[in-house]
Amino acid sequence: MRAPASWRDRFAALLALATVAALGLAFMGATGTQFLMPGPLTSAHGSIEKCSACHTKSGEGKMSWAHGLVAGDPRADSKACLTCHKMPDTAFNAHGASAEVLEKSTKRLAKAAAQTPVPQSARAQNVAFPTHNLVAGGLTCATCHQEHQGANFKLNKISNEQCRSCHAVKFDSFDGNHPEFENYPFKTRTPIIFDHAGHFGKHYPEVAKKEPGKRIPETCSSCHNSQDDRRVMAVAPFEKTCSGCHLNQITGKERATGPKGIAFLALPGLDLTTLKAKNAVVGEWPEESDAALTPFMKVMISRDEPGRALIKTIDGVNLQDLSKANDAQIKAVTKLAWEIKKLFHALIAGKASEVLGDLNLGGGAQLSPALVADLTASIPRDVVLGAQQEWLPNLGAEIASRPSANAETQGNAVDAKPKRPGETEQAPAAASRQVDPASAAPAAGNEDRAADKAGTAGAKPSSGQAGRSATELPPPMRAGVGDPEKTGGAASDDPAAEAKSVGNDDAQADHPGEAVPEGRTPLPTGTPRSIKARGKTSSEPGDKSGGVNDAGDGKAAPSASEPASKSAGDTKDADKAAEPAAAGGDKTGSAADAEKSAPAAKSGPGKATEQTDDLLFPTEDELRELKTGVPAVAGKGGPPPADPTKKGAPSGTTADGAEPAKPDVAASSAPKPPVSAAPVVSIGSDVDPESWAEYGGWYRQDFAIFYRPTGHKDKFLYAWLYLAGPQAAKGDKSAAGAVFTSLTHKDAQGSCTKCHSVDDIAGKGQLVNFSPPGVKSKQGRFTSFIHEPHFGIMENRGCLTCHKLEKDRPYLKSYEQGNASAASSNFGAVKKELCQTCHTSGMARQDCLLCHDYHVNGAATPIMSTKLPIQ
Amino acid sequence: MRLSARRATGGAIGGRGPIRAGLAIVQTVQGVLIVAISAGLLWLVWIYGNGLRDPRYFDGWVLAGGMSLQLGFHIAIKTASLSPKSARRWKAVHIFLGYVLIAAFISHSDFTLPDTAFEWALWGAFVLVTVSGIFGTYLAWALKAKRGVDDGISYEGIPARRAQLAQEVYAAVTSTDATTAALALPAQPHDAWITDLYTTHLRDFFQGPRNTAAHLIGSQHPLSRLTGEIDNLSRYVGLPSQQKLSVIKDLVVEKDRLDFARVYLGLSKGWLYVHVPVTYALIVLTVLHVLVVYAFSSGDW
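Protein chains in written order, with the numbering used here: chain A, 43 to 913; chain H, 78 to 378.
By construction, these hints were calculated from the structure, which means they are not laboratory data. The C-beta atom is built at its ideal place from N, Cα and C for all residues, glycine as well. Watch out, some of these pointers could steer you wrong.
Each computed EDC-like pair below joins lysine to aspartate or glutamate, with the alpha-carbon atoms no more than 16 angstroms apart [unchecked claim]:
1) H/Lys155 <-> A/Asp51
2) A/Lys772 <-> A/Glu858
3) A/Lys295 <-> A/Asp789
4) A/Lys873 <-> A/Glu224
5) A/Lys318 <-> A/Glu329
6) A/Lys199 <-> H/Asp131
7) H/Lys346 <-> A/Asp51
8) A/Lys320 <-> A/Asp363
9) A/Lys354 <-> A/Asp774
Here are some, though not all, of the chain H residues that point toward chain A, as calculated from beta-carbon distances under 8 angstroms [to be verified]:
10) Tyr350
11) Tyr357
12) Val361
13) Val369
My request is simple: use the sequences and hints to build the entire structure.
Given below as structure tokens:
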């Protein structure tokens, strides 16, 4: 018989085996590996059924969990957490903050640590189980978030002691040795510059005195509320707060000096005399322009490397005084002139979005259509077109026949005679409109000028439409332009009827040749003849031949009520010119011109540089004159031709501001409807363009196209600042830097940076803080404060209980530099003692997580990708 | 009656009398130590957790280490590699460590009940081993503290000792007083009364294990009844007979202690049928538990 101990041992062994067997059976009978689960998941994770969703080493099979025993990436499971909980790359750093932030913070706190008594438990923990290596290696999610503790377990629970174990400052409690606050909460300046002290002490009382009816904020809650986000005392929108006083500053109404709009495109003034002396060929260019090259144009020209080099070369060169410029600079200025012309041409011939869509902004990325629309403020084509027709009426021809690079730089003549129509094989339609400067010149006339021709307004082309590309025209017109034979036939049959049938000014504007009878064909700028004509014109003050508005300031031409005598010459000339055109039989108009010019284009020199003798290559007008027997206007007793280099020098006007023909005279003296005419605006206006755009938008003045801000949140300003800022480090002289500087300096239009602060971003240029403080602004902060629960305990002083206004602090001065951290608030710092009146043992909570966030950069849970139920 | 019974405990079954005061001191010191060590362990677990580590790994390994020591003791006993003296010391350590591990277990289970079947199995096995261990220590304590039975007596030696006591009581009952026999006077019937007592109450009592149920529930009523009879008779007999009854009473008490020892030593033997096999099952479950824990571990240990 066995001893009892033996029985017992056998029984013990059997029980052990039975245990193994029972476990095996239970395991095999259970679903997946659920049997091994140590406890239910929290309700947020309750729907996760597969262990492998989080335990990445565990597979799908019954025994696959054993794979977890093999060493692998210790962060693999935590990375699985990040598939749902989106966090930055620094997720495994303490607080999910960057190493630099942590290092900086530790250095700062190390000073406080030396003065803080360390509790015994913290000391013991630090000795027995130090955390340095643990944290240095990166923290996993499970370090703090322990799962499988039940559905109601709070996963984000973390004790004060756990927080303390890592921190340099180890203190007992908030009401104990928690360090004093350092400039809380104003460690960084607010994105919006609002001088509370200045407004309370000066501006509001002044406004109340001046305009008693004006609404002035009475309490803090007039502008601030915490309803949208309990952490942020949100600022009410501009429209409800600041606009009462500051809107006019944005739109420019209150500007005393300088333009109220922003010069976007301009024809910069050039020292043409020097350029001529240096044999630089710039072609047609207005002498009167004293505009500067706008920073926006610099950006447009700098879109490629040669453009950048060009801008760099002319940087610092006074374009209006090139007497001291060296050859390279002259060469660059010449090139710049052509670049500007090409730019204007491209903006008219192509889409503005295409020209501006590939700007070297935004880090080289292709700009979105919306952004391009904002960058251009949807500039109407007619604005550019109108400018071109006034400033560079022969641009099309010039571009079509522009001198080669060699000619631009080594040209032996200042003149750059544009190609004639038909010479441009690539764009016959477009070129045909500008076949003859005369055809473009009338079209280039501004509205005021056209108004002077009120008598013929019904038949004359308007300025805005004269230069429309052939492709834009209605088919009949397009055909006429594109096919000289057809057009000629139509024109010769009955030009007047044709004009009538079209029924608007556009129709005639699209027939460049029809301008010829007016006899105001300007010579190409810089040709001997044009120079001569210009000399003549200038020597004849008061000459009535021009009829153009004042070229110097680009202002509206005299109204139609001007004495008829002043415009008699014009009218007569126009009549003379119109007669043969209306006679029929002969080919007139653009079609005829084009037809005639075609052979000339074939036989004549192809390059402007080769066109040194105008006599050998008569202009279209001259050819037309020869054909029709009607004398050309210039130099034949009639008014001298308008010089296209003169600002606003369309046909029928002079650059010296001679009066245009009086409409009634023109009408009475024109027996037949004119077949072509200068642009006409039938309505006069005393409102200057700047005032016309009082509520924002585009306008043209002098030799620049301006954009006037429409109000707060102007997309044009926002888009340019948004794109240029990152490429415009302080002091940067790049084109983007120039744009940024022009829009952010003290007197900049729009006054964006009067209220929106500008931050320097290390290595990334500058940033205009357009967004008011929001939840996002709280990212990266270790401390959070919820205002709302504190409202009920404030004393009679309200917000001032905690935020004491300190008038002498250099608040505004802190915005004069780009470091957002170098802040000086209007308000004094909040003291720890103030919080401690409630947050102490036995009263309000004082645990770390009450005021401090762990994941300072947030942990978002985005909507998971869901496939659309498409069959 | 009480006094005589208390006096009777002076007879040592195992050759050693109870040292109740010393035992109490030792046990008090041990209790304090267990509480102190348990508290220290819980504090260590707390600061371990504060150090951003999962405290379940810390108290889990403390528990596993302690269990390994206990298992080592069991193996040593089984392999008889310990001297009796060492075995006694190791047994004391075994019991002491067992109490400390209760704290480790409570800490490891985070002061909560299990949630899943596997955890319940593990938890149940540990609790069973622990409870059986505590019961074992109660039995050991009760033998010493209640009736002064020390480690010198074994379950197997009880029948022989009982037979010896039966012979001793018979001899005491049948012995005659020499002085009484020398007198010519008619003899008092004291011996007859004692013989009658023996016949009526004592003979059966000494013939085998008695009053098991009373011993299991800790009742001393049967012993009191017997000693009461002896004390009653003692009032009516002369001095020599009183001395004889006193010896008989001691033997009755001794026999009762022997019955007590038999019951408790018997329980101890049966208890091992729970404690040891469940420990084996617990070891199996523990090994599996450790493997699963490390297979699914994610955080910092």
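Do the hints match the structure? See the list:
The suggested pairing of H/Lys155 with A/Asp51 holds, with an alpha-carbon distance near 9 angstroms, which does not exceed 16 angstroms. A distance of roughly 12 angstroms separates the Cα atoms of A/Lys772 and A/Glu858; the hinted pair therefore holds under the 16 angstroms criterion. For the suggested pair A/Lys295 and A/Asp789, the alpha carbons sit about 13 angstroms apart, so the restraint of at most 16 angstroms is met. The straight-line distance between the Cα atoms of A/Lys873 and A/Glu224 is roughly 8 angstroms, inside the 16 angstroms bound, and the hint therefore holds.
Between A/Lys318 and A/Glu329, the direct Cα distance comes to roughly 12 angstroms. Compliance with the 16 angstroms bound is thereby established for this hinted pair. Note on A/Lys199 and H/Asp131: the hinted pairing holds, with a Cα-Cα distance of about 14 angstroms set against a maximum of 16 angstroms. Of the pairs offered as hints, the one joining H/Lys346 and A/Asp51 holds, with about 13 angstroms between alpha carbons and a cut-off of 16 angstroms not exceeded. Between A/Lys320 and A/Asp363, the direct Cα distance comes to roughly 13 angstroms. Compliance with the 16 angstroms bound is thereby established for this hinted pair.
Of the pairs offered as hints, the one joining A/Lys354 and A/Asp774 holds, with about 12 angstroms between alpha carbons and a cut-off of 16 angstroms not exceeded. The closest approach between the C-beta of H/Tyr350 and any C-beta of chain A is roughly 5 angstroms, which is under the 8 angstroms cut-off, so the hint is satisfied. Annotation: H/Tyr357 was flagged as interfacial toward chain A, and the flag holds, the nearest CB pair being 4 angstroms apart, inside 8 angstroms. The criterion of a C-beta within 8 angstroms of any C-beta in chain A is met by H/Val361, whose closest approach is roughly 5 angstroms, and the hint holds.
Evaluation of the H/Val369 hint against chain A yields a held restraint, the C-beta minimum of about 5 angstroms falling below 8 angstroms.
When held up to the earlier numbered hints, the structure conflicts with none and fits them all.
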